[in-house]
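**Student:** Chains as they are written, first to last, in the numbering used here: chain A, 1 to 363; chain B, 1 to 357; chain C, 1 to 552.
Quick caveat, the hints were computed from the structure, so don't treat them as lab data.
Warning: the hint list may mix true and false statements.
Stated by the list, open to error - Listed below are several chain C residues computed to face chain A (Cβ distance under 10 Å; list not exhaustive):
#, residue
1, Ser63
2, Ala451
3, Gly455
4, Gly490
Claimed, not checked - Distance ranges between label pairs, derived from CB positions:
#, chain 1, residue 1, chain 2, residue 2, range
5, C, Val60, B, Asp114, 17 to 23 Å
6, B, Asp154, C, Leu304, 36 to 42 Å
7, C, Tyr543, A, Asn138, 27 to 33 Å
8, B, Pro169, C, Leu304, 39 to 45 Å
9, C, Gly59, B, Asp331, 41 to 47 Å
10, B, Leu356, C, Phe411, 42 to 48 Å
11, C, Arg230, B, Asp200, 23 to 29 Å
Note that CB positions come from ideal geometry on N, CA and C, so glycine has one too.
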Amino acid sequence: MTECRCCDRTTRLMTALLVDEASVRYGDRTALDRFSVAADTGQIVAVVGPSGSGKSTLLRAIAGLEPLSGGRIVLDGRDLAGVPTHRRGLGLMFQDHGLFSHLDVAGNVAYGLRMQGEDPDVQRSRTAELLDLVGLENLGSRRADQLSGGEAQRVALARALAPRPGLLMLDEPLGSLDRALRHQLTEELRLLLSELGQTAVHVTHDQAEAFALADRVVVVADGRVLGEGAPAELWADPGSRFVAEFLGHRNLWSVDLDGDGRLRWQGASLGEVDVEHPLRRRRSPGQVVVVPITALSLRGPGCGQFSATVTEVGFRQGRYHIVAKRSQGGGPEIGVYLDAPTAPSVGETIEIGVDLGVIRPVD
Amino acid sequence: MQYKKLAFFFGAIVTLGSCSFFGDEAGDTSEIAAPDREAVPAGTTVRLLTHDSFTVSDGLFNTFTNETGIEVEVVQAGDAGELVSRALFNAGEPEADVLFGIDTTFLQRGLDGDIFRPYQSPGLESVPDELELDDQHRVTPIDVGDVCVNYWTDGVATAPTSLDDLTDPAVASSFVTQDPETSSPGFAFLLATIARYGEDGWEDYWQQLADGGVTVTSGWTEAYYGEFQAGGGDKALVTSYAGSPVAEVLFADPPVDTPPTGVLVDSCFRQVEFAGVLAGTEQPDAGALLIDFMLSETFQADIPLNMFVAPANADVPLPDSYAAHAATVEDPLILDPADIEANRSEWTQRWAEIVLR
Amino acid sequence: MDSAVGRDRAPLIGRSLRLSAGVWRRLLAAMVTAGVPVVFLTLLVIWPLIAVLVRSMAGVGASDVLEIVGRPSVRSVLAFTVWQATVSALGTLCVGLPIAHVLARYRFWGRDVIRAVVIVPFVLPTVVVAAAFGALFDRFGLELDRSVWAVLAAHIFFNVAVVVRIVGGFWARVDQRPAEVAATLGAGPFHVLRTITVRQLAPVLAGSFLLVFLFSFTSFGVIRVLGGLRRATIETEIYRFAIARQEFEVAAVLAGIQVVVVAVLAVVTARFQRRHADIGNRADRATKVTTMRQRLHLVVVCCLAIAVIGVPMAVLVEQSLTVGTGYGFGNYARLLERSPLLPVSAAQALVTSILFAIVAAAVAAVVGILASIAIERGGPTGRALEAFALLPLGVSAVTLGFGYLVGLTAFDLNRQVWLVPVAHAVIGLPFVLAAMVPALRSIDPRVREAAAVLGASPRAVRMTVDWPLVRRAIATGAGFAAAVSIGEFGATSFLARGAGSFTAPLAVFRLLSNPGQQLRGQALALCVVIGVLVAAMATLIEYRRDDGVSLL
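Bound-form chain A, shown alone (with noise of 0.2 Å):
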């Protein structure tokens, strides 16, 4: 009995979202699929995947906008079947803002407040208190629709956050910002969720910008989770093909292990991997695996484990990002992703070298 209190406890604690095997159906087409997920309090977690994968209505279910058709969804230990909308305490920041136009930036910060009957003096204090963290505390009596995107995104944030939400939901949330822009107002929200302790679901296409806000990342596509979990294990071990590139890995190589250990790639003998590397429990024929481009690096003549050819050179982010082809063996050109400190020329045969103990095999 003790024990039970105490797990109970415990999970309710622990546990602010809880999104279990939730379904959504849309007329035949299944938008959720059995779908679960979970967000510690003060986490903040990613959902990234392609468009139309399910992830807005994810958003839209915990929101109570959509009704499931399965599972069973809990906001801190409270089931929110049969609760609608307007009494689940959630914040919801929309792609295109969704803000009121007809109001001024603080009474769209304020609206709220308003809604759960606050007293006007808190209303004001805290709509004030929440402008000044997103920067914006001198544009309280500016029309909503005369906002630059920026400004808007700002207010939409402190508009969801005013009421101290159980539950802080971003669907793309800077999608429609530019580069710069998206950048600094990703660190800036980092920086401002984690000093509020807020838990948050953030939903986006662009896994960097997932990477770059989450404490966990969930990949999703056809409205199921095809993996998760932290941002670094899950980009060093993506479990799959399709999250692998998802998440941007250009390096997918259907390689053949050896009785006695050795890696073979297209006639090339990349050496031998440990006894303990987790390719050794799978070693069928043509086992795809994922070479992050972080394992590839230039080498002296000799030096390297197989030789390519330049095909195209590009700088980015203070490297040169380089594809070469591997002809070699007779078998197709297959394009080789690496980056490195110094340009070779295109045309010009480069010895490349991997590390293999970083290497992950996919299904």
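Put chains B and C on the given structure of chain A with help from the hints.
**Tutor:** Same frame as chain A, but now just chains B and C:
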């Protein structure tokens, strides 16, 4: 699903309606005997259905109420045509007890529609016999109005004296009258020409008017205030009433002693206006008493300066201002109501072929 | 521990209760929003129509109906009626849109004046306007009276307000970004208008077209006074058969044809009206005139507006000020006295008109709001409401009037004075819907969802999101309902008539039914006062101070 519900709903309304409201009840059309004033319960209200031109002095009906204890509620129903239509449409289930305002031109239609109950008012003794157009007394004559061509005195070189004068192209082009199909005076003027020139001659007459450039409007107001010089128009002659000059003096601005208009007495067609108790009324006695009142001196004397027509009761003296300015029509043109009804469609049709061609 | 158990159970019970209560509430809300307008329209439109048609058709067989429908004269009358209504509606759009555009685009002195004045013709009696037109044509030596051109010109004159006010109200608030994008893609102003703006405004354009079409379709006075004799439309034919000839069954068949045309029209235009448009939710984006080109544009369109609306009204004002051989206010002063021809003084009739207009506008607004919600929700009830609401505009006054006579006498309602403004509201209802439904449809559902997530109950969403966004549209519609009420004396004149319901237009008609310069002068002065009154009421209803205080 919801369509079905709606259909059911409306179906139910129709069925219900057909049962309870559209039963083809014919109203009682038996003669009303001399009404017993004492038999009318106190607080009775009698409804008088009439046209929009019905005007009486303030408090006129109070006299009636004081005498009989019966209140009068006036229901005005558009022009004379609309009035008769409403009565015919509701034949047998009238919306009022008494109708006033059916005139010579519509009389036969009302009689054919069985909308009245015969009643012989004692007041008829003072009414000249020639005004009693229904020998069964289903309707009672109340007033006499003549539809006549009026002219703007300053607008004509010499005042016309006969209908023939109008055929002069210079006069015809300055004459505005109304469509007999949509206008009561317009129809009366057509009847005047038929009464004067006969079945064989009226078409030639109208042909001359048309060739001379007569203007035709759809109603009295459009003619009088739209085309006639009284309303700023350029026409010097208009089809109106024998009593119109009285109103031109009474409502002149600035005040005048003589009317700016004159009447072509030779063109006058006599219209008698009748009242009748409507068949199907639940208070025929109260209705009959109202008819008596309308023939009384009190009511009859009130008529001339409110409706600009002469009272039917020959014993009632005309007010001076009426007598001074209204045209005296010694020998009006008349037609039998039955003839009018029998030929109405044909006449208006032929008129249209000649004039609107 | 106890509390843990309690917490596990309580929500279960609470949930089932809450659910059923919620369902119940929603059901009740649906019943009110759809039910009130349905009852309203059934009592004052559908039931009287059924009553009059059933009575008129008693003993008439299907073959008789086919015979009447098959008459060549009926077919040609139908063709002319539809033709003139279509051309009138298109002409009104052509004249009204440039004015609406200028009002939407520029902020200039006189903007509110034009918006106010444009509604005046809407209530002026046809006879009076016809006389003004006639005087005008004479002055310029035009031979336009009594022709189809005079009819079209008058229809445009009477109805241009519908386009200017309803379309203009949305145009000022339309999302301009698509137009700007189109311009950057090389579209000239005309192409932007054609490919972007017209599409954005499609629901209101369709709605305005529909209203003007129906007004012209059932126009009576204009056809009779200006169309020349025997220029027949279905409306005038119904009158002729019912009033002049008392062939009620022919009139009833013609009335049936009107109902069919309205139904077809409702279906045809529904497609455009249902289109979602991003309109009406933004700030008024009108700007001051800056360039020479803009100034020229403004002046040209204002001249157009003055030519169409201002000149005939100026003639009317001039005539009303004519006293004897000079000018003066004598005609106006006399409005305070009671003419012996009228049951009450003209001033008293004006007061009645104002009271009726206020009641009619309020009833039309309330019923319109409920109906709009039901229509926006869609479904068969909503679609049926949308179509039925058009009926009072599309069926003849005579038909509806006789319907009142038959249908309402049965309940003894036809003598209730209060029913007069309520019946006015029936005719004002389509205007409220034409303005409000597109506004409601243009609200981004995301905004409502955002409000719900922030804790707003469905009712709170209606009050804090929908209401502020459609308030202006309701005001525009209610302004028209007030104007309709003041100008109406068709079907509703079959209802209670007496001193208590003697309105100003009735007074005008009564005065103009008798000879006498005084009476004519009074009638014209009364027309001017009615016009000023309507302009003032429509403006007042829409008026909103900068601090947001308004009547609505």
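**Student:** State for each hint whether it applies.
**Tutor:** Hint check:
1. Ser63: 49 Å, violated
2. Ala451: 7 Å, holds
3. Gly455: 4 Å, holds
4. Gly490: Given a least distance of 38 Å, the restraint on Gly490 (chain C) is violated.
5. C:Val60 x B:Asp114: 17 to 23 Å: 20 Å, holds
6. B:Asp154 x C:Leu304: 36 to 42 Å: 40 Å, holds
7. C:Tyr543 x A:Asn138: 27 to 33 Å: 31 Å, holds
8. B:Pro169 x C:Leu304: 39 to 45 Å: 42 Å Cβ-Cβ, so the 39 to 45 Å window holds.
9. C:Gly59 x B:Asp331: 41 to 47 Å: Distance hint for Gly59 (chain C), Asp331 (chain B) holds at roughly 46 Å.
10. B:Leu356 x C:Phe411: 42 to 48 Å: 44 Å, holds
11. C:Arg230 x B:Asp200: 23 to 29 Å: Check passed, 25 Å falls within 23 to 29 Å.
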